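All chains, full assembly: derive it from the sequences and hints.
Protein chains: 6
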Amino acid sequence: MKILVINPNSDPVMTDVIRKTAEQFAGGEFEVICKHTPGAPSFIDSYKDESRIAPGMIRLLTEHESEVDGFVIACQDDPNLDVMKELTPKPVVGIAEASMKIASMLGHRFSIVSTSRPSIPNHEVLARKYHLQDALTSVRAPGDEVKNLSEEEKFTATARAAIEEDMAEVIVLGCAGMADLAKRMQENLGVPVLDPVVCGLIIARGLIQVGVGTSKIGRYRPREV
Amino acid sequence: MKILVINPNSDPVMTDVIRKTAEQFAGGEFEVICKHTPGAPSFIDSYKDESRIAPGMIRLLTEHESEVDGFVIACQDDPNLDVMKELTPKPVVGIAEASMKIASMLGHRFSIVSTSRPSIPNHEVLARKYHLQDALTSVRAPGDEVKNLSEEEKFTATARAAIEEDMAEVIVLGCAGMADLAKRMQENLGVPVLDPVVCGLIIARGLIQVGVGTSKIGRYRPREV
Amino acid sequence: MKILVINPNSDPVMTDVIRKTAEQFAGGEFEVICKHTPGAPSFIDSYKDESRIAPGMIRLLTEHESEVDGFVIACQDDPNLDVMKELTPKPVVGIAEASMKIASMLGHRFSIVSTSRPSIPNHEVLARKYHLQDALTSVRAPGDEVKNLSEEEKFTATARAAIEEDMAEVIVLGCAGMADLAKRMQENLGVPVLDPVVCGLIIARGLIQVGVGTSKIGRYRPREV
Amino acid sequence: MKILVINPNSDPVMTDVIRKTAEQFAGGEFEVICKHTPGAPSFIDSYKDESRIAPGMIRLLTEHESEVDGFVIACQDDPNLDVMKELTPKPVVGIAEASMKIASMLGHRFSIVSTSRPSIPNHEVLARKYHLQDALTSVRAPGDEVKNLSEEEKFTATARAAIEEDMAEVIVLGCAGMADLAKRMQENLGVPVLDPVVCGLIIARGLIQVGVGTSKIGRYRPREV
Amino acid sequence: MKILVINPNSDPVMTDVIRKTAEQFAGGEFEVICKHTPGAPSFIDSYKDESRIAPGMIRLLTEHESEVDGFVIACQDDPNLDVMKELTPKPVVGIAEASMKIASMLGHRFSIVSTSRPSIPNHEVLARKYHLQDALTSVRAPGDEVKNLSEEEKFTATARAAIEEDMAEVIVLGCAGMADLAKRMQENLGVPVLDPVVCGLIIARGLIQVGVGTSKIGRYRPREV
Amino acid sequence: MKILVINPNSDPVMTDVIRKTAEQFAGGEFEVICKHTPGAPSFIDSYKDESRIAPGMIRLLTEHESEVDGFVIACQDDPNLDVMKELTPKPVVGIAEASMKIASMLGHRFSIVSTSRPSIPNHEVLARKYHLQDALTSVRAPGDEVKNLSEEEKFTATARAAIEEDMAEVIVLGCAGMADLAKRMQENLGVPVLDPVVCGLIIARGLIQVGVGTSKIGRYRPREV
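From first to last, the protein sequence lines are chains A, B, C, D, E and F. Counted the way the working numbering counts, the first sequence spans residues 1 to 225. Counted the way the working numbering counts, the second sequence spans residues 1001 to 1225. Counted the way the working numbering counts, the third sequence spans residues 2001 to 2225. Counted the way the working numbering counts, the fourth sequence spans residues 3001 to 3225. Counted the way the working numbering counts, the fifth sequence spans residues 4001 to 4225. Counted the way the working numbering counts, the sixth sequence spans residues 5001 to 5225.
Please note that the accuracy of each hint is not assured.
[Stated by the list, open to error] Across the chosen pairs, the derived CB separations fall in these ranges:
hint	chain 1	residue 1	chain 2	residue 2	range
1	F	5221	E	4146	22 to 30 angstroms
2	F	5024	B	1144	51 to 59 angstroms
3	C	2152	A	144	38 to 46 angstroms
4	D	3164	F	5023	50 to 58 angstroms
5	A	1	F	5012	42 to 50 angstroms
6	B	1125	A	165	28 to 36 angstroms
[As the list claims (entries may be wrong)] Below, a list of computed lysine-lysine pairs in the DSSO-like style, where the Cα atoms sit at most 30 angstroms apart:
hint	chain 1	residue 1	chain 2	residue 2
7	B	1183	B	1020
8	A	2	B	1020
9	E	4183	F	5090
10	B	1129	C	2129
11	F	5216	E	4129
12	C	2035	C	2183
13	F	5129	A	216
14	A	20	A	35
15	D	3216	C	2183
Derived by calculation from the structure, the hints in this document are not laboratory data. Bear in mind that the values here come from a model prediction, so they are computed numbers and not experimental data. All C-beta atoms, glycine included, are put in the ideal place defined by N, C-alpha and C.
Okay, here's the thing in structure tokens:
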């Protein structure tokens, strides 16, 4: 089994974090290829970014389609997920969709801890798209009051606020680049903390193994060229 | 890794189907124990059945907790899922919840093909509980018009009606005992057909592997004895 | 007319409060039998408790079915309500369902004042089950800041916060054992304060009187033994 | 205890049906006054009718307020319910709200059997207003195919279609004037059939007895004259 | 083209504000008649007010129907909107419905800035009626802490709180009489601020121009006299 | 005032239909520029098409931004609407969003008459995105049974089925290229038939006139280059 993990941005550091996470999860049982998107900006932060990276993402999918068994889109905005699902019968998993659906199985309500306040609306838009607006109790991002803390401390403090003030029972990390924080945050906070990349891999590996992919008869049907 | 798959009923044939499915999915990469529930009826069909099998299910969980890493409840009614989640910090996955959440990732709308018309309301109740009432286009069960067909033909005809009349893009099998039908139905129908037992295992294995379980701070918190 | 009011726990003091409330409501116009559940813990606080008391509750129902005309389950968690509805064509009323549905008729939004913070998720789960999540503005429980007050002062302060901060217009008491507080809290707060036991009796008595019970053709159909 | 049942139209026959129903329900245990609305048309069928009868309904409420303990608005459109709730702290119960909320306690889904097809949208509007759109499986009215049948046969046939085709488990009669049909239809159909007038009385009597009325601090607060 | 703008109250100052706003919007391209409602109170604040002004509003509609091409109801409570839609095939636009629907097109979530706290529930009721409860992040009204400020300062401060604390991206003014504030508040706040009267005119003028009005076959069908 | 109407595809015939519709609506009172999208396919039918036309649409917006006052995206899939809203503070109106929101103001429920069955899921996706899933009663497309009819007859027959079987009170045309059919279909069907291009222009012209555009502080905030 071989999975292509697409980092929609072009940041080599983030690609490395994602690759390391993915390979560690694969543990040699299946193969993971992790690619950043050619021509992409170093951070995906807007609908324009999403639009601009579509050709690169599609090229990655097309070039690797015969070689791999499925795809993971490794960005918490699930950029271009619908078009990627449309282009192949093989499984394509968005990490936002996967992590929110798994989070909703682990407790009454979950919160997303995001990198920055402006990204909050988009996480809410996705939660609604995936039918989970009532299971999402809040999206929070570190504010100015924690700006002098380390990344890990910032996100931990933000998650703690979600737990205490919004009654979040599960935390979903709001960025693919936070993968290495999940375990330690979980230990500190005492609640499940989901790294979305891993959530995407859980679903993708499973679907591939049982031979199930995207339905091709309706919303994601193939088109003649 | 070791997973206990609990068949909530006591039917040895169904337990065998489930075990075979589970072992085939595990493929030797992890261990699966499959147990029927002591004292359970041969088919779970009512709230009374659910209530009556709770002690047996709890006993199975308690007896195996130290030995296994997670649990799958292998019945499309997700009987006693909340109490099972409450009793252990280890992952407990209901196959109805897992299969509906995975189905919603593979197409616009899914249908559940159930064994009998009287079970329809309960599937709808669960879809709503899991926030997926808008992604579920119908629950269908074979009617009298197909009563002379084989099981496989019956469910295939019912699924086809869901596809054609309700615009279902994905089919979820409505019973743990249908596992061996999924592959052939998928080939015949040309849409993803989900065996719920396998869906449960996909999630359970993933959660175990990354060390995440049910949140224990709120809805499923542990209680002192 | 005779109604069996089942206290799902085994606390004799709470059973007495419930009985007194019920008898006062009945006022001699109909008969009320109030029973605690044999083998139940003194307080219902978990899914496990719910599961564990099912046999006792079922036994109470079965033993009294020929003798009484309907049932009230007197616990704000509505434990085992679905199975009880399934077991008899006679009316079975959960006090959570009855009190939330009545509350939604008396003002724009209601709050539930619960005994303890950990019980909050379950009240939210029930509000959603009964379609009233948008009519429920909050569930609140007394926090540490009021721990030195009397029970009545605590719940009154908590209700006042719901009125002022969450714009609650109606208060639903979150426990069957608070019955004797309702009247005084209503006077102090100037909003309707609903004792759930009485709400359950309002519905049960009415249904019995007009000869209507649970529908037995679908979700709660009887099963052959 | 004394309840004023307001028939929003001026049809003396329908007023008699409602009065008989109400008195039979009261059974001498409380007093029922049943009034038609002065200046109203003989049938309420439009927003204009609703608007036009408001002064008459308000006058009835005002004239009787000191004398009675609560009010029932006996029309399945719940005309002017909000203004009536606003004008008095005493309970005001709309029979549509009461019957739909009670119906949702007796089975998975209910249908409303209405007098005519054009009234269907308004029943749907009310179901949504009362948060019950997901519990309402259909509103049906007799069509041309049954026009030669008796009233009772018509509504029975319509209800049967709702049961068989829409999986309704409970039937709510769509007009206050159908009260005398409920019992026989229930016997014929084998599901609960709710007469809405009686549902309104169940709630009103209960609220009066326990001294609870409409919340006067928000949506229905009193205004200075 | 000629539009009748109905001010449901009788305040000549507010009527003048509305007329000025409407005429400025019309800019001579179409004709606007602006009328206060005969017999109405000077401020609409209750369901009773709504009921009481219905005859006057209906008379205005009837008297002008042959002369004008459409109607705008210029009050943020949309009083009697359904009956007005029912009485004519020509477009009738409520400014609450128009402004909320337009607001939802301009940003992720909007807030309504209302004149007083007691009016908050009704704005929420309307948002739900128009399917926009999830797009409405809050309704706010100036509290005591700003009581010494000018009207403009008050509403600006209230809107700012909605932006900062509720993440509102768009502000809808909660009263037809605030029209002259919209522009300056928009400049100060840096977000779209919608004057509802103008929103109503946008929709009404457009519908008239293309010859579309209220559907007369169902909910708003005409009735024989 | 000048509005750029962007036809997302490259079909000159459809561009002409749209231009004619737009100019007729503008009636010389404001200027309309109508452009097809360079490099686009002749028909937009997939997520891939949407992705592929983004650069052309963005270029059109960028090139004309200083010259025009607002934009209309003239395709019933609202392709790339979010990115277009993000790129300019000037109004950008999607005709799907505009037509559905206007439709919901004209009757109880509306149907979309689409060009082909495979496009149905996407219309449903958009209705949900715009919060109108409960106001949409159906999306229908002509089936094989009408394949020998003219375009106008096909869509009229399909709309009639929506009216009769789904109780649609308003029809929304499912394609920008159907503009010339709206008027005649409305006359034949006796219900409002909305041409979506015109709906988009109604909103765009209105927003421009009052100086309101997309909120730039949250979901559609500008980014530094």
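- Which of the listed hints are broken here? The structure conflicts with no hint, since it agrees with every one listed earlier.
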